[in-house]
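Student: Protein sequences, first through last, are from chains A and B. With my numbering applied, the first sequence corresponds to residues 750 to 1043, in that order. With my numbering applied, the second sequence corresponds to residues 2 to 342, in that order.
If you are wondering where the hints come from, they were derived from the structure by calculation, not from laboratory data. Model, not experiment: these values are computed from the prediction. A portion of the hints provided could be inaccurate.
[Stated by the list, open to error] Cβ pair distances, simulated, as ranges:
1) B:227 - A:845: 32 to 42 Å
2) A:1036 - B:260: 40 to 50 Å
3) A:926 - B:231: 23 to 33 Å
4) B:20 - A:916: 53 to 63 Å
5) B:231 - A:867: 41 to 51 Å
6) A:953 - B:320: 55 to 65 Å
7) A:916 - B:188: 27 to 37 Å
8) B:227 - A:921: 51 to 61 Å
9) B:29 - A:773: 37 to 47 Å
10) A:789 - B:289: 49 to 59 Å
11) A:845 - B:75: 18 to 28 Å
12) A:867 - B:29: 55 to 65 Å
[To be verified] Pairs of lysine-lysine residues, derived as PhoX-like cross-links and limited to a Cα-Cα distance of at most 25 Å, are as follows:
13) A:849 - B:135
14) A:849 - A:876
15) A:876 - B:175
16) A:1007 - A:1023
Beta carbons are placed, not taken as given, at the ideal position from N, Cα and C, and that holds for glycine.
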Amino acid sequence: MQTALEARNLVKRYPGVLAVNDVSFAVAEGCCFGLLGPNGAGKTTTVEIIEGVSPATAGEVYYFGKPAGHRFREEAGIQFQNTALQDYLTVRETLQMFRKLYARRADLDRIIEDCSLGDLLDRDNRKLSGGQRQRLFLAVALVNRPRLVFLDEPTTGLDPQARRNFWTLVQRIQGSGTTIILTTHYMDEAHVLCDQIAIMDEGQIIARGAPDELLQSRYDGLIIELPLDDLTDELDGIDHTVYESLGIVEIVTTDVSKSLESLAPHVDNLNRIKIRQANLEDLFLDLTGHSLRS
Amino acid sequence: MLQRIYAIFAARNREFMRDRGALAWNIIMPVIFMFGLAFAFSGEGRDQYTVGVLQSAPGIDYSRHPFLETRFIEFVTIRDEAVAFRKVERHQIDLLVQFDDASRYWVNPESPQGYFAERLLLQADAEAGGQLQKQQISGDAIRYVDWVLPGILGMNMMFSCLFGVGYVVVRYRKNGFLKRLRATPLRPAEFIVAQVGSRLMLVLIVTAFVYTGTHLILDTRMEGSYLTLLLVALVGSMSMVSLGLLIAARVTSEELAGGLLNLISWPMMILSGVWFSLEAAGPAVQNLASAFPLTHILNSARAVMLDGATILDVAPSLMMLTALSLVFLGLGARFFRWAPS
């Protein structure tokens, strides 16, 4: 499988701030690649450099082995995190306008059906709800039959049902062989959709790989979670990795029964103990020492 | 490329036509001005009158007649009789007097300022013994409403072009729409051409609509060719749209854009001769006004509408407007920025 996109040593420097610090990664064709990190980590800046809407201080972007240029703009579909559409245009007119900007053109009826916009075609852009706007933004990103789609925090502000529907839509797009670059700070979203992820913090990539592989390499077992207030004394005798954050104590273990047995004398309410698998949020907390959404 | 330009052009047209408030204002404002002036202006003159003194000597001897000592009147020397008569006809001066061997004066009977200036003249002349003879203007006397119509249409075009392009582009940049377009194959030049084309078409349609209505109701004067007038409007609008694009090339604040556009448009409105002639203004003001696109638009439009000027007659102004457009567009394209830095 060939490399669809490659970022080499990207740097973005603002006065007094190094927003992107020597970021490099490659994305295989047909892959869904997730760029994760908290607000301000540099992921949107990184993606905007790749998209060509923000100039890099240093670094290069390659699209199918060649410097990203006109072909890239012709074949890439982009859903921005924050953007506006022209006022007073309907959904149909907006789609038609953007479609005419490209030589490659998708079947509009198919996009309208895929993005569930059929009932909204004659509605003014300004009168769409948050979820409807996100579906329209996605549809706009698809009007050129893109080989590569950028989705920048596409489900921010959506309700859980709308998020699930959006995921289904993204999976359908990926199923057609389209390469997807997804930025998000929702770890469950990344876990469901992404084949590969890179976690960014303070402008740098601090971990990279398939989500499950990253978790397996870091967490050999399950996590026991309990409120700090339920502890009666120090956990000095516990022979496991222990984390404490925001009033919650987490213990990583490969033998849940044995751990619970050694934990019981130190806890006054066992009913509030939870046992779960490690997730990407744990990984991020582990790597950076702060929460993903801080 | 043409399809991309057409896509942006058509979308902008729809946006404008559906913004009913802006559309209504573009049509209603000049109409209000026109009818307001037509029915009300004749009752009130300006504070200051401009009176031409027909004589061969360069300086005016103010002791020759008590009228020449009247305060709040600007006296200007005119040597050529034909030129002087034309200025009276075209409301460029309110009154023409001659105090040589024969003391005479000429006034445009359609001029409200001329009426008041004549009353002052006759009053002063009575004190001096009543020597003056009233003369008839040989050509057609032009109503003030005929003279001011090009000014109001030009002013409306100016505001529509400057704000309709400059302000809108800044809004597009601020809300991220330009950034969204940048991520497409659309090039800056294509975007600019679409914006210019859209605004030119809309301004010309609105101006033609207002002109036709005014012409039918007020029976305004039209001595020249409509095609020449259209060309003046087209080239003039082009210069204004280009100026709007230059101002909006990289500004990201609507407030700043509004301030800059006002800074440009108000001096033009005051100094380009929208409401009254700059005949009495000093050479510095007249030189400054000659650098403004609106001055050339109004001079050309008045020449076509009132004097029947041909394309050749207005060619110098058209060339000046074209040159200004090229400079503004070139600088605008050079400095254009899709997104805030």
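Student: Next, verify each hint and record whether it holds.
Tutor: To see whether the hints hold, each was checked on the structure:
no.: 1; hint: B:227 - A:845: 32 to 42 Å; in the structure: holds, 36 Å
no.: 2; hint: A:1036 - B:260: 40 to 50 Å; in the structure: holds, 48 Å
no.: 3; hint: A:926 - B:231: 23 to 33 Å; in the structure: violated, 54 Å
no.: 4; hint: B:20 - A:916: 53 to 63 Å; in the structure: violated, 37 Å
no.: 5; hint: B:231 - A:867: 41 to 51 Å; in the structure: holds, 45 Å
no.: 6; hint: A:953 - B:320: 55 to 65 Å; in the structure: holds, 58 Å
no.: 7; hint: A:916 - B:188: 27 to 37 Å; in the structure: holds, 35 Å
no.: 8; hint: B:227 - A:921: 51 to 61 Å; in the structure: holds, 58 Å
no.: 9; hint: B:29 - A:773: 37 to 47 Å; in the structure: violated, 59 Å
no.: 10; hint: A:789 - B:289: 49 to 59 Å; in the structure: holds, 50 Å
no.: 11; hint: A:845 - B:75: 18 to 28 Å; in the structure: violated, 59 Å
no.: 12; hint: A:867 - B:29: 55 to 65 Å; in the structure: violated, 39 Å
no.: 13; hint: A:849 - B:135; in the structure: violated, 69 Å
no.: 14; hint: A:849 - A:876; in the structure: holds, 24 Å
no.: 15; hint: A:876 - B:175; in the structure: holds, 20 Å
no.: 16; hint: A:1007 - A:1023; in the structure: holds, 15 Å
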